[in-house]
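Asks: Start from the sequences, fold in the hints, and give me the full structure.
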Amino acid sequence: MIAAYIDEIIMFCAGLWMTSVGFGYLPMPGYSATPPLVRHFKWMGPMLLVIAIILAAAS
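In terms of numbering that gives the first Met the number 0, the sequence shown has 37 at position 38, counting the first letter as 1, and numbering is strictly consecutive.
Don't take every hint at face value.
[As the list claims (entries may be wrong)] So the derived label-pair ranges between C-beta atoms look like this: (1) 31 x 58: 40 to 46 Å; (2) 56 x 13: 14 to 20 Å; (3) 57 x 31: 37 to 43 Å; (4) 39 x 12: 14 to 20 Å; (5) 58 x 19: 22 to 28 Å; (6) 31 x 0: 41 to 47 Å; (7) 31 x 6: 32 to 38 Å; (8) 36 x 4: 26 to 32 Å; (9) 0 x 32: 42 to 48 Å; (10) 26 x 0: 34 to 40 Å; (11) 0 x 38: 36 to 42 Å; (12) 32 x 8: 30 to 36 Å.
None of these hints come from the bench; they were simulated from the model. Idealized CB from N, CA, C, for every residue including glycine.
Replies: Here it is, written out as structure tokens:
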């Protein structure tokens, strides 16, 4: 049960980070230029946040 909460917290934090990098609020660490994958973070980050919230509400 505690492992599920830890998993949801990690998923939520990863979603926040991906959203922040995707919209340019944080720089991508280790890269001087933006890699092509970062443009997908604009939709993957919010999707990860929604999944984490739904899983937290379901448990």
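Asks: Can you tell me whether the CB distance of residue 56 to residue 13 sits inside 14 to 20 Å?
Replies: Holds - the Cβ-Cβ distance for residue 56 and residue 13, about 18 Å, lies within 14 to 20 Å.
Asks: Using the C-beta atoms of residue 31 and residue 6, is the stated range 32 to 38 Å upheld?
Replies: The hinted range 32 to 38 Å holds for residue 31 and residue 6, with Cβ atoms some 33 Å apart.
Asks: Has the hinted range 36 to 42 Å been met by the Cβ atoms of residue 0 and residue 38?
Replies: With Cβ atoms ~37 Å apart, the hint holds.
Asks: At the C-beta level, are residue 31 and residue 0 separated by a distance inside 41 to 47 Å?
Replies: For residue 0 against residue 31, whose Cβ atoms are near 44 Å apart, the range 41 to 47 Å holds.
Asks: Residue 36 and residue 4, beta-carbon distance inside 26 to 32 Å?
Replies: holds (29 Å)
Asks: Just to be sure I understand the hint, the distance between the Cβ atoms of residue 32 and residue 8 should be within 30 to 36 Å; is that true here?
Replies: Given about 32 Å between the Cβ atoms, the range holds.
Asks: So the hint says 34 to 40 Å: do the beta-carbon atoms of residue 26 and residue 0 match that?
Replies: With a Cβ separation near 37 Å, residue 26 and residue 0 satisfy 34 to 40 Å, so the hint holds.
Asks: Just tell me: holds or violated, for the beta carbon distance of residue 31 and residue 58 against 40 to 46 Å?
Replies: holds (41 Å)
Asks: Go ahead and decide if the range 37 to 43 Å is satisfied by the Cβ distance of residue 57 to residue 31.
Replies: holds (41 Å)
Asks: Cβ-Cβ distance between residue 0 and residue 32: within 42 to 48 Å?
Replies: Distance hint for residue 0, residue 32 holds at roughly 43 Å.
Asks: Range hint 14 to 20 Å: satisfied by the CB atoms of residue 39 and residue 12?
Replies: holds (18 Å)
Asks: Evaluate the given range 22 to 28 Å for the C-beta pair formed by residue 58 and residue 19.
Replies: Hint holds: Cβ distance 26 Å, inside 22 to 28 Å.
Every hint, counting from the list given before, is met by this structure.
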